[in-house]
Amino acid sequence: MGLFSIGNMIIRSLFNKPATLMYPVIPRVYEEKTRGHINVDIEACVLCGICSKKCPTHAILVDRKKKEWSIARMQCIQCNCCVEYCPVNCLSMANTYTSPSTEKITDAYAKAAPEPAAKPVPEAAAPVMDAAVDVEPTV
Amino acid sequence: MDRLTYIIVAVAAYLILAPLAGGLLAGVDRRITARMQGRVGPPILQPFYDVFKLFEKEGITVNKVQDFYIQCFLIFIVITGCFFFAGGDLLLIIFTLTLASIFLIVAAFSSNSPYAQIGAERELLQMMAYEPMVLITAIGFYLVYGTFNISDVVAGGGPAIVYLPGIFIGFVYILTIKLRKSPFDLSMSHHGHQELVKGLTTEFSGKTLALIEIAHWYENIFLMGFVYLFFAWSAPWSPILAVLICCIIYFLEIFIDNNEARVKWQLAINTSWIAAATLGFVNMLVLYFIVF
Amino acid sequence: MYENSIIGIEPANLMKEAQKLKDEGYRIVQICANKVNGFELSYSFDREHDMKTLRMIIAEEDEVMSISHIFFPAFLYENEMKDLFGIKITNLVLDFNGNLYKLAQKTPWNPQN
Amino acid sequence: MSTLFFLILFPLVVALALLVLKTDMARGVLVKAAAAVIAAGSVYLAWQYFGSNGDYFKFEGEYVTYIMMGLEIAIAGFIFVLGIKYKKYLASVLVAIQAPIMVWFELNVGHTIEVQSDLFIDKFSIIMALIIGVIGSLICVYALGYMKDFQHHHHDQKDRRPLFFFLLFLFLSAMFGIVFSNNLVWLYFFWEITTLCSFLLIGFTKTQEATNNAFRAIVMNLLGGFGFVLAIVYMGVTYQTIELNQLLAIGMMGYSVVIPAALLAFAGITKAAQMPFSSWLLGAMVAPTPVSALLHSSTMVKAGVYLIVKLAPVLGINPAGIMVMMVGGITFLLASFIAISQSNAKRVLAYSTVANLGLIVACAGIGTAAAVWAAIMLIIFHAVAKSLLFLCVGTAEHNIGSRDIEDMDGLFSRMPRVAIYMVVGICGMFLAPFGMLISKWAAMKAFVDSGNILLVMFIVFGSAATLFFWTKWLGKIMAIMARQENIESKVHTEEIFVLTTLAALTVLVCLMFPVLSAFVIVPYLTAVYATVSALAISSGNMYIMAAMLALIILLIIIGYGKTNKKIVPIYMAGVNTGDDLSYNGSIGQTVSVSLRNWYMESYFGEKKMNVIGNISTVAIMVGVFSLILGGVL
Amino acid sequence: MGKRTIIPFGPQHPVLPEPIHLDLVMEDEVVVEAIPSIGFIHRGLEKLVEIKEFTEYVYVAERICGICSFMHGMGYCQSVEHGMNLTIPRRAEYLRTIWAELSRVHSHLLWLGLLADGFGFESLFMHSWRLREKILDIFEATTGGRVIFSVCKIGGVRRDVSNETLQSIIKTLVDMEAEVKELTDVFINDYTVKSRTVGVGVMSLQEAHDLGAVGPMGRASGLVQDMRLLGYAAYDDLDFAPIVETAGDSYARTVVRIREIFQSIDLIKQAVAKIPDGEVSVPVKDVPRAECFERLEQPRGEVIYYTKGIGTKFLERVRVRTPTFANIPPLLHCLKGCDLADVPILILTIDPCISCTER
Amino acid sequence: MMSYVTKSPWIIHYDGSSCNGCDIEVLACLTPMYDVERFGIINTGNPKHADIFLLTGSVNEQNIPVIKQIYEQMPEPKVVVAIGICATSGGIFAECYNVQGGSDKVVPVDVYVPGCAARPEAIIDGVVKGLGVLAEKRAAMVKK
Ligand code: NFV
Ligand code: SF4
Ligand code: SF4
Ligand code: SF4
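Residue numbers (my numbering), protein chains in the order written: chain A, 2 to 140; chain B, 859 to 1150; chain C, 292 to 404; chain D, 7 to 639; chain E, 52 to 410; chain F, 15 to 158.
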């Protein structure tokens, strides 16, 4: 009569390994093509500003005076547009995403500075959950 | 052990162990459910975490009285269970349980909140659906043992199930309603999603919700006690068998829960009443032929 | 190939044309407004994958009769146009009176100030 | 015996006095004083005969019988004329048949029979007397305030309150007469007076509807009266007795008294508004609320069940008994179902009365001691709680302008005291540990023991329905609505006094019931049945119940309404406007939330259920009577 | 009985993944009247076309909706391309077709899950979504996104998919098929599920036509309408027929969608078998100057993309008529006289996408 | 003092004006692959039961009062997690006439989860981060 029609499937599931990927205990391996976050090879950048102009969300800011290229991480929609337009191919799309954060972070990269000015993503106090494992840093 | 000592021990054990066992049962339930759904599921102790967390939340309420009703709900559920495990009168137990449930319903009504009210209305409907079968179950025991007293039932010469197969099936049927399992989780579901938001419990939060949860633990253990009754008699090993059967029945309920869509109220009341009117009736008829 | 054509009409003929299409078994599939000098309105109809679009241009202050009495579903499109463009559509079967969308800015496609 | 006479005659005298008193003041004083006297009198009666196991009295004086006969003929004539006047010929036809038979019997057979005792008193009649004396007179007091408002609402009509109060007290008098009479001819006389009084009270407002309903009531009651007459005639002719105790004694000795028992039970069934006669009681709703309260709780219908319960020892597994229990059982089940579909509070109460009477009748039909125990308990608890509820509804109606349950939301905030009393009444009607439930429990056990599974099914399903319709009403008034104004100060003090007393009585009776059982009902049963086997509910459980009630009261005192939590708005899918009464709805509108209970018309519709009930009960009665008569012929 | 229950349903409600609102007027639980209100998600993105270049606007278009995202990008591109008379490489058209059909599979599985959730069948919901994840994995591997693909562009597609990958997709699908069948059979056969769908929200063929029902909503009432018949992208090469049921109730709609899952899998197989090699995009030099009404078959039904170019980098007007918009009148029709418990089912039965609807 | 708020975070999800992408990913977190119930997370539909408010999509005239109300109806301690670029900043729709910006315009946002759409993993990370905030808030509550 079709009363326990899903019975087979759930009993099978009960005795088989669950489909759960167990993230974050087991880190996720992303596809090569996965669009995660934008990396910049700041030394190669010519600060032409095309990426900034093309970016649909105005996430990228290019400051020629300060010789600085910065990206508002919480504004980027990972469309890959900037990467496609960069004349010197200094932008790339990495396959890991920007970590969630308690603030809207902006990463600035100054050119020719002795040390890259990239401030690390502020990693808040380790999560209180047992299962928590640090997500790999993205910058 | 004389009767009084027995009662004191049984009540004390119920008071302390029932929430532990009930919470654990809920934890196992959630775990098994998760596994049936191809997931890992929460830790076994999750229900306890939930309740402890609820106790940590800010206290809010929509009026000055709803908490009182919920406290009464808990108290009377506990009293029901105490009567039961002290070997009291089955009908008394059923009526006390009804009283407790009415407190819950009135609490929901008192909030005058749309979904809580509809939840209360549905809860009432469910009560109306299962009440006949519950009463018939008690009557069935009476017909077999000539008494409504549980202490005399468990001391009986043979398991009641032999005489009450139909009533047992009917009881398990409405047990699904009582345990708030799909397909009959109409008034409030343990799962978040449903057309009534959280139905009956929509307006309860924090400690009040925790009390409801605890009351459900007590209630579930008491309901399992009911199942136990069908398989308990004077034989020394019957408790083991009976507990085993309780586990099986609970598993069956989990299985059913994961196998059905939530039906509409019409089907819920129609089928429960039909179950009571056929299974109950026929079983009683046969018993009468034996008894009279 | 299936038909997909745009046919210009006079605003005055809208009801007549619409009724004609209705009689031919068409149903409404889309109404689109566009702010030009005045408004450009396109009413699209479909019959078994053939699409005909009636196109007309009205002045901003012109009133347009609703075709929702002929094609019931038109009321949604027309209310939308009313809310977003401020086109004066009259005789709707179901008039939301500018409450289909609650907007911070009235008639954003045709800002009044 | 003088107390008995006093209780019968005193209300009569008061009634006559009220007929001539025209001022509010004087009426108020007299009614209150008389009520106090009657209540005191019934209590005194209880005290006086507390130790007795049934005392029987012979009244010397033939003339009383003739006076009664004369009055009966006058009443018959009165009804006959009214029937003609209002073109309700059925009523006229019925009296025209009945009265001559009765007169013929009196003149030919009646006076040849030596009546040993005309009056009697036992513990059951004490209980009945207390119900009539206390609750009945409380209702009369309540009626003072109520009728003032009533007159105020109907100021265009002539003030007919003297008649009204005359009828109320006459009613009380007749009721005392019924419960004290052992001579069936007397009983019949009082019986007919209650019929007449109810007829006049139902028709009191003189609207077309009231007149129609009054005639419906009288036709049905006359039908019952006809059964009564036949019973008397049959008894007189066959057994040479017209005494109730004789009838019972004959029956209990093992002789068949099925025919008179069935006929009397039939009379009782009509009066107790069992299906198929339930419609007259529903029709009686058109009368002012105190009348409903009176008819439903302490008089009229109680006369019906009283007679049947009296007959219980000769019922049981015989055609008469089966007829009674099946009619009662079916009525209980179906009336409970119908109550679900009703939103008019008085109709809910009415159907609940019909249902509960059904239960009492069914218990009496079973006829065992345990069943009668349950029946008497039901009578007591029902009388208190039901009168309380009717009067609460009456008060609410006069103040909120509606007797519809759906208009009672937020009553808790608007009329807290009345709401609480109503809650007490409702709980008293169905919830553990209140009395009705305990009685139902006992009834259930009696049913099971009787071996009638159908009855068992009726009671389990009926109880489920009862649960539903009471709780939803309860929920409605317990809802706490924001922003409600307290309008209670407008209620008359008499009304509040009566309500308070009744509410206290409801609780008190429940607390006291183990005592009641041990000292009143069990002795009565022992007297009737000689041996009383184990009671349905062990005394231990009775004490547990009483303790539970005490616990609830205690909890309420300790914890009710005490919270230091923050009060927040209710959940409304994120669009609560903030006042908890409305939300931001579609098309930019602010919509008021409205919550309506379930009525499940398609399941439990009145029409459908009544058809089922009437057909099945008529079938049973026809079946049983043809069986009995078939056996005779 | 004068009084009725009047309560708000939504905008925040657990069965609604997206906010809409209904004023429900009920007697017992029977819905006497349901007055809808939308607008919680309206963004006004059509107007962005005035500030985003036509090539860039595709990022906006595909974010109209996270469920049927791909076809929004595709519809927009197709409309502009047709307006410009731009012919794109055949391989790109095939790839678009494959992604479109995969989207349909994912969308329908998602819907099945939501429906199951709507009637409280948790495990069915979970298993539907478990299977759906496999399709998302394909998306991620081929486009780099699970939800938003960013893969269509004017002139073709931005990423090629190697033939090996295409084969592996087929393999995944074939592996899935048996389990999908097992799962969908529950919807088709289960007694309790059927008690919630059979006879619920019946709409006749005539009503479906007049009320403007599109997609599975219309097809379940016997309306033979499927925009893929127009032969856009690679559909002209593929062999298929619209799936039509006649009962017009929620059950029929479920069946239509279930059958479409298998139809889509079949179409993907056909496409992979026939896909030609070659370029996946052509450069765009010109700007759009014409207008075009483009019609595509989304999972929820016909979407109409209207674009009007005026010879600049900015289009003058983009208009999207989405399927859910067209299905609202049918929904209102179905809601009349249903039970409260049916309300979520009926809302779900049109497979609503408010985000599409309100843009 | 040990706090249980982090062991049993119940969430409520509301869709501001998201495109569904983030919504569906939130729901996906509940399903077998990601199964956030492992952390005790239950998706309650009811603000009064919720500890964590997951907001997707940007805010506009019509949904601002709704979002506010949901937030206000949640008992303390509570945390808001804005999911997706739309919810953090309005995203690609920031310039639309009916978009007023990210959800922090209306309610205090504790954690931002970037991504368009935010991936389930990112959402899990965000919620975990939110748990830290929740614990702090609980501690602050106890102190008071
Ligand atoms: N409605 C809609 Fe869509 C689809 N399918 C489309 O245009 O989902 Ni969001
Ligand atoms: S990926 Fe897109 S949104 Fe992100 S920075 Fe580049 S262009 Fe801007
Ligand atoms: S487009 Fe490339 S080179 Fe130009 S500013 Fe951007 S990153 Fe630098
Ligand atoms: S962030 Fe992207 S995916 Fe998420 S709602 Fe916004 S547009 Fe959709």
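Treat the hints with care, as some may be off.
[To be verified] Taking lysine-lysine pairs in the BS3-like style, the calculated list, with each CA pair at most 30 Å apart, reads:
no.: 1; chain 1: F; residue 1: K158; chain 2: D; residue 2: K572
no.: 2; chain 1: E; residue 1: K336; chain 2: E; residue 2: K320
no.: 3; chain 1: B; residue 1: K1065; chain 2: D; residue 2: K613
[As the list claims (entries may be wrong)] Which stretches of chain E does chain B cover? Using the computed rule of at least three CB atoms under 8 Å from a CB of chain B, they are:
no.: 4; stretch: 131 to 143
no.: 5; stretch: 159 to 173
no.: 6; stretch: 208 to 221
no.: 7; stretch: 225 to 235
no.: 8; stretch: 378 to 385
[Claimed, not checked] Chain E is faced by these chain F residues, among others (derived, beta-carbon under 8 Å):
no.: 9; residue: Y18
no.: 10; residue: C36
no.: 11; residue: I38
no.: 12; residue: E86
no.: 13; residue: E90
no.: 14; residue: Y111
no.: 15; residue: C130
no.: 16; residue: R133
I should point out that these hints are in silico values taken from the structure, not numbers from a laboratory. Quantities reported herein were computed from a predicted structural model and do not represent experimental measurements. Here a beta-carbon is modelled for each residue, glycine too, at the ideal position from N, C-alpha and C.
Status of each hint after checking the structure:
1. F:K158 - D:K572: 16 Å, holds
2. E:K336 - E:K320: 34 Å, violated
3. B:K1065 - D:K613: 47 Å, violated
4. 131 to 143: With 0 residues close enough to chain B, the hint is violated.
5. 159 to 173: holds (count 7)
6. 208 to 221: Violated - the stretch 208 to 221 of chain E has 0 residues with a Cβ nearer than 8 Å to chain B, which falls short of three.
7. 225 to 235: The restraint on the stretch 225 to 235 of chain E is violated, since only 0 of its residues have a Cβ under 8 Å from chain B and three are required.
8. 378 to 385: violated (count 0)
9. Y18: Where the cut-off is 8 Å and the nearest Cβ of chain E is about 24 Å from F:Y18, the hint is violated.
10. C36: 7 Å, holds
11. I38: 6 Å, holds
12. E86: Not OK, violated: F:E86 not within 8 Å of chain E, min 12 Å.
13. E90: 19 Å, violated
14. Y111: 4 Å, holds
15. C130: 6 Å, holds
16. R133: 7 Å, holds
Hint compliance for this structure: hints 2, 3, 4, 6, 7, 8, 9, 12 and 13 are not met, and every other hint is.
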